[in-house]
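**Q** The primary structure of each chain is shown beneath.
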Amino acid sequence: MKKQKISNWGKYPVVEANVFEITDELRAQKQVKEGAELIARGLGRSYGDSSLAETIVDVTGMDRFLAFDDETGVLKCEAGVSFSTILEFFVPKGWFLPVTPGTKFITVGGAIASDVHGKNHHKEVCFGNWVREMKILLASGETVLCSPIEKSDLFYATIGGMGLTGIILEAEFSLKKIETAFIKQEALPAENLDIVMRLFDESKEFTYSVAWIDCLAKGKNLGKSILFRGEHANLEDIKNTPFANTPLFYQNKGMLGVPFNFPSGSLNSLTIRLFNGFYYMMNKMKGSGITHLDPFFYPLDAIANWNRIYGKKGFLQYQFVLPLESSRDGMGEVLQAIAVEGRGSFLAVLKLFGKQESMISFPQEGYTLALDFPIMPGLLKFLKKLDEIVLKHGGRFYFTKDSRLDPETFKKGYPRLAEFLEIKKKYDPDGVFSSRQSKRLELT
Amino acid sequence: MKYCLIIGAGSDVAKALAVEFAKGGFNLQLAGRNVEDIGKTAADLQIRYGVKVETLYLDVLKFETHPEFFSNLNPKPEVVVAAAGLLGDQKVTERDQSATLTVINTNFTGIVSLLNEAANYFQELGSGSIIGISSVAGDRGRMKNYIYGAAKAGFTAYLSGLRQRLSKKGVDVLSVQPGFINTKMLQGVETPKPLTAEPEQVAKMIYNGFRSKKHVIYTPGYWRIIMSVVKFIPERIFVKLDL
Chain A
0 MKKQKISNWG KYPVVEANVF EITDELRAQK QVKEGAELIA RGLGRSYGDS
50 SLAETIVDVT GMDRFLAFDD ETGVLKCEAG VSFSTILEFF VPKGWFLPVT
100 PGTKFITVGG AIASDVHGKN HHKEVCFGNW VREMKILLAS GETVLCSPIE
150 KSDLFYATIG GMGLTGIILE AEFSLKKIET AFIKQEALPA ENLDIVMRLF
200 DESKEFTYSV AWIDCLAKGK NLGKSILFRG EHANLEDIKN TPFANTPLFY
250 QNKGMLGVPF NFPSGSLNSL TIRLFNGFYY MMNKMKGSGI THLDPFFYPL
300 DAIANWNRIY GKKGFLQYQF VLPLESSRDG MGEVLQAIAV EGRGSFLAVL
350 KLFGKQESMI SFPQEGYTLA LDFPIMPGLL KFLKKLDEIV LKHGGRFYFT
400 KDSRLDPETF KKGYPRLAEF LEIKKKYDPD GVFSSRQSKR LELT
Chain B
0 MKYCLIIGAG SDVAKALAVE FAKGGFNLQL AGRNVEDIGK TAADLQIRYG
50 VKVETLYLDV LKFETHPEFF SNLNPKPEVV VAAAGLLGDQ KVTERDQSAT
100 LTVINTNFTG IVSLLNEAAN YFQELGSGSI IGISSVAGDR GRMKNYIYGA
150 AKAGFTAYLS GLRQRLSKKG VDVLSVQPGF INTKMLQGVE TPKPLTAEPE
200 QVAKMIYNGF RSKKHVIYTP GYWRIIMSVV KFIPERIFVK LDL
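Just so you know, the protein sequences line up as chains A and B, in that order.
Counting from 1, position 57 in the first sequence corresponds to residue 56 in numbering that gives the first Met the number 0; the numbering is continuous, with no gaps.
Counting from 1, position 168 in the second sequence corresponds to residue 167 in numbering that gives the first Met the number 0; the numbering is continuous, with no gaps.
If you're looking for bench data, these hints aren't it; they were derived computationally from the structure.
Just to be clear, a hint being listed does not mean it is correct.
What the hints assert, rightly or not - Taking lysine to any residue pairs in the SDA-like style, the calculated list, with each CA pair at most 25 Å apart, reads:
| hint | chain 1 | residue 1 | chain 2 | residue 2 |
| --- | --- | --- | --- | --- |
| 1 | A | K32 | B | K203 |
| 2 | A | K2 | B | P191 |
| 3 | A | K438 | A | S139 |
| 4 | B | K1 | A | A66 |
| 5 | B | K203 | A | L65 |
Model the full structure from these sequences, guided by the hints.
**A** Printed below as a string of structure tokens:
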């Protein structure tokens, strides 16, 4: 079998891997029994090296719905089913994902492994919170069911466990009832960090909230941003709109593409400044209204391969969360460091997380910031500086976005890591499930 | 409501074809050995397309069960698709009698035994469709897979004769000649990328061929040209090649 060059969404790093496509349980078992170290991979939308290894098991061919209860909204499906497929078939029936990140091109298995969060974390926690049961293929080749009652250690270690406990084959989770496929949205401009944080506090009763930050704003404008908040629109809300007759309209539209890699470096601070300024203006004017859920949740999905704008060298995502009490100071310091350096992030997303009890999932109560940085000389050194600020304020980092942290820095943020590794050892004593990331972070 | 029976429903092409029939409003009867996996496909099609889907146990190699299998179908299908197939390992089949017979019986004898039942039923009814998924490997025997190829050649000839017989009785027979398809059958076999089709693409072509009552289709169409060239090569040159 020929090795393939493969990378995830950040296009960095690139590895050579044997990729095995599995479409059913038997084939998955056969692959695991071969005994080589491997990691499962879905649609490759994690940014770094989470789902990269010398042997990759591609689960996107396992994409069948297995059961749906239209009274309760409980859906059971194979792990390779994508969020976009779920939306395509279930929005028209009046159901929506309980939690979704900013792209719909992810699999259910990946959503669980990363325990993805969305704009409703403060009210509805992570995707894993909605999972009732999973079928997992263990290193022994055995498939087992786990749930909060049955093999609960395996269940909780798999949620956010980055595929290190086994291959998720099937999952059962609940969808959310909706009356329409539309969102009542408000966009509120905030001149600085204090104001946007106050807006987050005032928006706690809204189901969805998120802010986009202009990273290049300095001084008294540090943290200049736009906060978006929204609720699912009901039939009454869309009564006088053109959508009144098609409340549950949903279509996976053809996408605009970025046809080639931009020259590396074309996103310099000037272009980003222009973009952010333009974006801020645009949203200040647009204000509030009814919008379809697709542009509300997935604004960037409308542009296929948007990662190409960073050029061939790729980019790094940097996402961390700070505890609530140190959020104001820590965010201020991070934004200050970015503004001083002039290393603007094309996209910077701020969000207030709610409380979450979990073993290895990323979110904890406090503010999280996600940044993109095109790969350029000096970047890694600069990020080290940010790492220090984050650690100083008691923060932690997101596996799914990471491709560069050192083990010490990473581990500091996860007090229950030892417990997780115990469970991993129990179900995978020989360390079959291992990724480039888990090796780099010295977890396997 | 019309039904379509798919024999060998566990294959990747069969799964993709089941989607096309479900989208076309057909209920489905999915038959094969791995009923657990086929049951999942059945659930998926029901949820996505709201059609009725039955899962049926069927072993193509158990010839004696075939008449009863067909007579037990209730309701009877309007379309029967033969999608079961086994590539086998050429090197093994050259030496091992039982491996050879398994390849021949899966691709030819067992399918013929089942399609005979369907053919007689459709002839009496005066309507119906049979779709046989054969292979370009049957167009000319090659050293790399001639046991499989020979069985498929037999199947292609069978479909041709069956079509001639049944066309006079209002029954359509479609022969499908696929080339390389990216399926589990070919996992581990190196195939030229530009000539390797996806199962979904092939399934769409088959469904369209069925709708427009075609007799013989190559999937994709360029295989008709490739195979006419291959068939045209004089034997004295062909024997020297390593195709």
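**Q** Work down the list of hints and note, for each, if the structure agrees.
**A** Right, here's what the structure says about each hint:
1. K32(A) with K203(B): 35 Å, violated
2. K2(A) with P191(B): With Cα atoms ~15 Å apart, K2(A) and P191(B) stay inside 25 Å; holds.
3. K438(A) with S139(A): 21 Å, holds
4. K1(B) with A66(A): Within the cut-off at roughly 24 Å; holds.
5. K203(B) with L65(A): Distance ~24 Å between K203(B) and L65(A) Cα, so the pair holds.
Going through the hint list in order, the structure does not satisfy hint 1, though it satisfies all others.
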